[in-house]
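Chains as they are written, first to last, in this note's numbering: chain A, 3 to 130; chain B, 181 to 312.
Source of the hints: derived by calculation from the structure; they are not laboratory data.
Heads up, some of the hints might be wrong.
Claimed, not checked - Which stretches of chain A does chain B cover? Using the computed rule of at least three CB atoms under 8 Å from a CB of chain B, they are:
id, segment
1, 56–62
2, 89–100
3, 109–119
As the list claims (entries may be wrong) - Every beta carbon over 10 Å from chain A, so not counted as near; a handful from chain B, in silico:
id, residue
4, P182
5, P186
6, A200
7, S212
8, R244
9, P248
10, V258
11, L267
12, L272
13, F278
14, S280
15, L296
16, T299
17, T311
Backbone N, C-alpha and C fix where the C-beta goes; we use that ideal spot for every residue, glycine too.
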Amino acid sequence: MTRKEIKGKLEALLEILPDDKAEAVLDFAEFLQHQVGTQLPAAEEEWDDWDRAIIAAEEYWFSLSEETRHAYIGRTAAVVEGRILDADSDRMALEERVRAQYPDLPVLYVEGEAEQFKPLVVLSPHLR
Amino acid sequence: MPIQFPFGRPSGGEPLPVVALRLTDITGRATSTLTAIVDTGADGTLVPLPILRVAGFKSSRIRREFVPGGVGRSVETVVGYQVTVRLGELTLPSVDVFGSVHIGDVILGRDVLNQLVFTYDGPRRLLDFLTP
């Protein structure tokens with residue numbers, strides 16, 4: 003349907019709708035306009051090679067079976083894409099040990115009980 | 181001795197509770213002193229991504245979906261960083277913060293606030309944090 007056809011159909015509908023229903027159409031159109039206006043640019047463009055390596059490690063970790071991941075409950079695993087390097091219940095000790103061994107390697111630190119893409123809700127956001 | 185932080189600039193006509201803090205990472209990299217909004221309505225702590233970049237921090241934690249309450253859906257997948265939060269004499273190690281391109285202020289969420297004891301003194305426009 004072309005925009006001209008949509009406009010014509012909307013005008014015809016508005017002619018026959020009672021005032022309160024016509025206002026409801028306007029409200030919905032404004033809601034859609036607001037939605038379009040609040041669509042934000044993707045953050046992915048800001049990620050660098052290090053971030054992408056961490057994301058690849060995250061995807062590897064969550065591709066493992068639940069049974070495998072749950073074997074690490076109570077511990078933090080140090081993960082790179084395709085490999086679990088080490089694990090420890092003391093996250094700081096683990097990070098120091100791994101960093102000493104692989105100083106320039108992007109390593110993901112993830113708990114055995116972690117959920118992927120957990121929402122981080124901010125009830126009163128201060129968006130740009 | 182409590183650590184006191186006066187409220188900051190108004191938002192919507194009302195002064196905002198804020199604190200001054202610094203973030204450091206395991207390698208000793210650090211941000212400058214930042215002003216953070218104390219937000220009990222935030223599940224976690226968010227930092228504008230450019231601040232983390234300038235400090236030279238490297239991501240090392242799993243991503244989360246940033247869901248602003250008013251929007252009701254994820255607007256951004258945010259990457260995690262493990263840092264130490266330094267708030268006056270208070271030091272909180274192993275805090276996960278998430279870098280966002282869509283926020284202009286640091287938001288100090290309940291992951292940090294739930295580790296602290298503080299008084300919200302509205303009439304005096306002050307936050308008083310108890311130190312251990």
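Hints versus structure:
1. Using a Cβ-Cβ cut-off of 8 Å, 3 residues of the segment 56–62 of chain A lie near chain B, which meets the minimum of three, so the contact claim holds.
2. As drawn, the segment 89–100 of chain A meets chain B at 4 residues by the rule of a beta-carbon pair under 8 Å; at three or more, the given contact holds.
3. Three residues within the 8 Å Cβ limit are the bar, and the segment 109–119 of chain A against chain B gives 7, so the coverage statement holds.
4. Look at B/P182: its CB is around 25 Å from the nearest CB on chain A, clear of 10 Å, so calling it non-interface holds up.
5. With a cut of 10 Å on Cβ distances, B/P186 stays outside the contact zone with chain A, its closest approach being about 19 Å.
6. In this structure B/A200 is separated from chain A by more than 10 Å, as the shortest Cβ-Cβ distance comes to about 17 Å.
7. For B/S212, the requirement that its beta carbon stay farther than 10 Å from each beta carbon of chain A is met, with the minimum near 20 Å.
8. Non-interface call for B/R244 relative to chain A: violated, since the shortest CB-CB distance, roughly 4 Å, does not exceed 10 Å.
9. Residue placement check: B/P248 does not keep its beta carbon more than 10 Å from all beta carbons of chain A (closest about 3 Å).
10. With a least beta-carbon separation of about 7 Å from chain A, B/V258 fails to lie farther than 10 Å from that chain, contradicting its non-interface assignment.
11. Its beta-carbon lying about 19 Å from the closest one in chain A, B/L267 satisfies the requirement of being farther than 10 Å from that chain.
12. For B/L272, the condition that its CB be more than 10 Å from all CB atoms of chain A holds, with the nearest at approximately 13 Å.
13. Here B/F278 does not stay apart from chain A, with its beta-carbon only about 6 Å from theirs, under the 10 Å limit.
14. Not every CB of chain A is more than 10 Å from the CB of B/S280 (nearest about 7 Å), against its label as outside the interface.
15. With a minimum CB-CB distance of about 19 Å to chain A, B/L296 clears the 10 Å threshold, and the non-interface call stands.
16. At roughly 20 Å, the least C-beta separation between B/T299 and chain A is larger than 10 Å, which holds for a residue marked as non-interface.
17. In this structure B/T311 is separated from chain A by more than 10 Å, as the shortest Cβ-Cβ distance comes to about 22 Å.
Violated hints, in rising order: 8, 9, 10, 13 and 14; the structure is consistent with all others.
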